[in-house]
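Engineer: So the sequence lines, in the order shown, correspond to chains A, B and C. Per the working numbering: the first sequence = residues 1 to 483. Per the working numbering: the second sequence = residues 1 to 208. Per the working numbering: the third sequence = residues 1 to 277.
Just so you know, not all the hints are guaranteed correct.
[As the list claims (entries may be wrong)] Ranges between beta-carbon positions, derived for each pair:
| # | chain 1 | residue 1 | chain 2 | residue 2 | range |
| --- | --- | --- | --- | --- | --- |
| 1 | C | Ala170 | A | Gln172 | 53 to 61 Å |
| 2 | A | Asp77 | B | Gly92 | 42 to 50 Å |
| 3 | A | Ala27 | B | Arg76 | 46 to 54 Å |
[To be verified] Which chain B residues stay away from chain A? Per the calculated CB distances, all over 12 Å, these:
| # | residue |
| --- | --- |
| 4 | Gln11 |
| 5 | Thr182 |
| 6 | Asp184 |
Just so you know, the hints here were simulated from the structure itself, not pulled from any lab data. Treat the numbers as computed from the prediction; the structure is a model and nothing was measured. Beta carbons are placed, not taken as given, at the ideal position from N, Cα and C, and that holds for glycine.
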Amino acid sequence: MAGRLPRDPAPWAARRDRALASPVLRANIRSVTHRLADARRRAYASYPAGQVLRVAGRDAKRRAMAQVEPLLDQLRDRLSANGARVIFAEGPKEVADYVVSLAARRGAQRIVKSKSMLTEELDLNRRLAAAGLAVRETDLGEYIIQLLDERPSHILAPAAHRNRQEIHAVFQETADREGVPGPTSDDVGPLTAFARQRLREDFLAAEIGITGANFLVAETGTVVLITNEGNADMVASLPPVHVVIAGIDKVLDTWDALAAVIQQPALSGVGQRLSAYTTLISGPRAAGSPEGPEELHVLLVDNGRRQLLGGPYADVLTCIRCGACYNVCPVYRQVGGHAYGSTYAGPIGAVETPLLAGLDFLPELPKSLCTLCNACVEACPMDIALPDHFITLRRRQVDEGREAAGTRLTYRAWGRLWSSPRQYQRFVSWARRGQRFMMRQGRLVRSPGLWAGWFETRDMPPIAPETFHEWWARRSPSGKAPV
Amino acid sequence: MSGPGGSPLRQAFRARWEGLGGQYWETAPGPGLTGTVAAAADALIDRVPGQKPPALWWPGPAWASLAWEAALPPDRWTVTAVTGREPLTVGGRPTDPTVLRGVAASAVLGVTGAAWAVADTGSVALTSAPGQGLWPSLLPPSHLIVLREAQVVATVADGLRRVRAEGPPPAMAKIISGPSSTADIEGQLWIGVHGPGRVGVVVVTGAD
Amino acid sequence: MEQVDLFVSCLVDLFEPATGRAAVAVMERRGAQVGFPLGQTCCGQFAYNAGHWPEAWAMAKNLLAALDAPPTPGPDRGERATVGLSGSCVAMVREEYPKLLDWAADQPGWDSSWRVRHARVAGRLWELSQWLNRAALAPVADEDTTTTRVALHTGCHMRRVLGAGADAAAVLAALRVRVATPEDEDQCCGFGGTYAMTEPKISTALADDKLTALRATQADAMVSCDWGCLLHLAGRLSRTGVAWPVLHLAELVDLADRGELAPTQLARAGRFAREVP
């Protein structure tokens, strides 16, 4: 069943132009993506074992995606035996309903969250707020964009599009509203200290903690959380209730599979061998243990994932959300994450979003956000065939009649003319006649139809007075074209 | 277990741990340990003259023989020392874990033991268990870990294998690789956001 | 004598035939007997990338038939290579056609002999710099060391799909042409086939970044193995009135062979050397 994802109501052209017109966004996205891409390259270059692990990790993820259902059953059984409650949830509504009724049963009002792309995908915060619950994002970047009422623009750096001055302004506003001292300056230190102080109070007061999961181990019933800030540990260990909301694609078969893949989010995402905090949770507080939540709930969410299993796009489900493809994508580097219009951006977002939500959902994604440069597949630790997916999604859009009629006709005519030498020669003579009306100073400067976009910003040489074919015929009269 | 190979693993661990921004001390087993822990604890905080900063001492049952009064002398520290397994005790009296959460949140230093450490990544793993809490590794701004050289393994996979060899995994295990950090503001690295900004380890050398 | 069939690409044939003429001179100078399979038009990549596979397949069949035609009669038929003047088109034929063939195999009118023909063609197909970089055909080094520096732009398909990211630099080094590597050299220039037409704003933003990086090298000219990238970048230079010589590798090698690498000679041979008013 198709998933439901949030969607920016602004059309593609407006989203694109908004991004291109923002110098702050472009400068920040450029520097963050370059920094992370360089860090990844350096990390692998100085760590030969990283490549070995990468391949083993990729194989582990692929193996798991080939047997998801039995693994999910095993995971449920193990987690239940460990004292957790496991729930299979279809989509946004089911997840939100579960959390709301859990909060009602516990009499809980305050929720802290660590960063989870899935809960962004489910638009969970909005749904929980509508039910009267106070939800606080605790990842520094997520906290910033929550205060700004925005969506993340990068998987690993949600506020990558904002600069220090903008962040200082929204922190000061928050401080004024909450009657506390604001950050002492717009340097990173005071800004971070302000967030630490505010969020520390939320951590200690919260009645429910919500996290995502980086991996789920079926063999042991283990939830794996990876952060650099340590906020997921707070969320998972301070409130009396911990709710894990994870996609079914996070499951791994064995503990050994976890060992193979556990370093990849950090290696490919930020160029570290391991993130500062890797936390493995296999149940609620054990008898006699001093810490941990009284209740652990694990929601395993479909939201459009099952429809990809066993098909040509199943490798998309092996994504570990490292963001490596974002960081090398030339289009992402220009427009940032919001231009993609939903939760996931970059190459994986442009491919996965229509696969989860349907080809009619943001149909511009496969077409308008990829130059097919192949940098993404080179960077992807899971070897997801992103360029191939872009092309075949475009093909499906064409096959299913989603291409504009004029464009379709242009390609038909173009294909017919250029697939035989005789027609090609005919095309040359027509084009030579036509181009006289589109030239200035010896250069082509405009064109009708599909080609018009080129000439908005660039010239072209005209068709040469003597094509190579014609030169060859003149040079080697014996080798005349067999037409 | 470490034998002649122990030293290179320890050195590799040290290099990675320090590379991540962690502080490192080592000492031979015996009477020098408390002095090293005392020096490490002092080095991990900014001491205000005349004040006795609050610390949470909770290295767990494996370090029961390590006297906290010698490492964190009461004339220099305000120590909450957690001992025992079930029930936990502070100053010989049973205590409620939720009280300890508050203590951890206001302490400037937490002291814990460790389950294992990884040379390849410069990581230290802690596991929850009866008598062993993880809050002192998370809530105070500084965290000091006491570790035996024999606990240092080569790779993350080796460490995870240790966990599995001991049966079902614990309710919570965490692998710490350096201080809490963020780069969420303009991509600038900042140390110490939610978790400790200063982390130190004291390694007791030797094969046992 | 090695027989070399030239696969010029539609862009060279229609818009920049001087590149094809230079390639013929360069290859003949290295002892090749150059032939030109006459039926060739376009590899179909623009249609393939845009998702119009029936059209791509029609063009692919035409190209395979042309490149698979019997060799031009000559003194020696022992060795035969096909050399393409576009890294992207060569990558298309070698690496992407198999996917197109898999698709075509499920279409009406499929003839499995296309796989055989593709295997024959792809097995002897090289991009020009790959061919020049083969040890047996080491370029004729010009003993005069020049001070000429060129900024090299390697197309993404040449680099990542074909895996020929280093050949052009090696060829230029052998010719004692100094190569300047721009910052972010592996970043896409924004051409992307029809992407340049359908998303001109992003495409142009990428072109401007790429040109800034290339120009920052202060090289005497820009060179590449793909007229796709070059038409896009040179078209942007022309539209913004920037004077800078733009050449295909074949042309630069031809100039180097003839010892005509002085900046004025590059400017004469290169496109957009002078400001377009």
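Engineer: Evaluate each hint against the coordinates.
Structural biologist: Here is how each hint holds up against the structure:
Checked against the given bound of 53 to 61 Å, the beta carbons of Ala170(C) and Gln172(A), roughly 57 Å apart, stay inside it. At about 43 Å, the beta-carbon gap between Asp77(A) and Gly92(B) stays in the expected band of 42 to 50 Å. Ala27(A) and Arg76(B) have their C-beta atoms about 49 Å apart, which keeps the hinted 46 to 54 Å range intact. Even its closest Cβ contact with chain A, about 17 Å, leaves Gln11(B) beyond 12 Å, as expected for a residue assigned away from the interface.
The Cβ of Thr182(B) sits about 5 Å from the closest Cβ of chain A, inside the 12 Å cut-off, so the non-interface label is violated. With a cut of 12 Å on Cβ distances, Asp184(B) falls inside the contact zone with chain A, its closest approach being about 4 Å.
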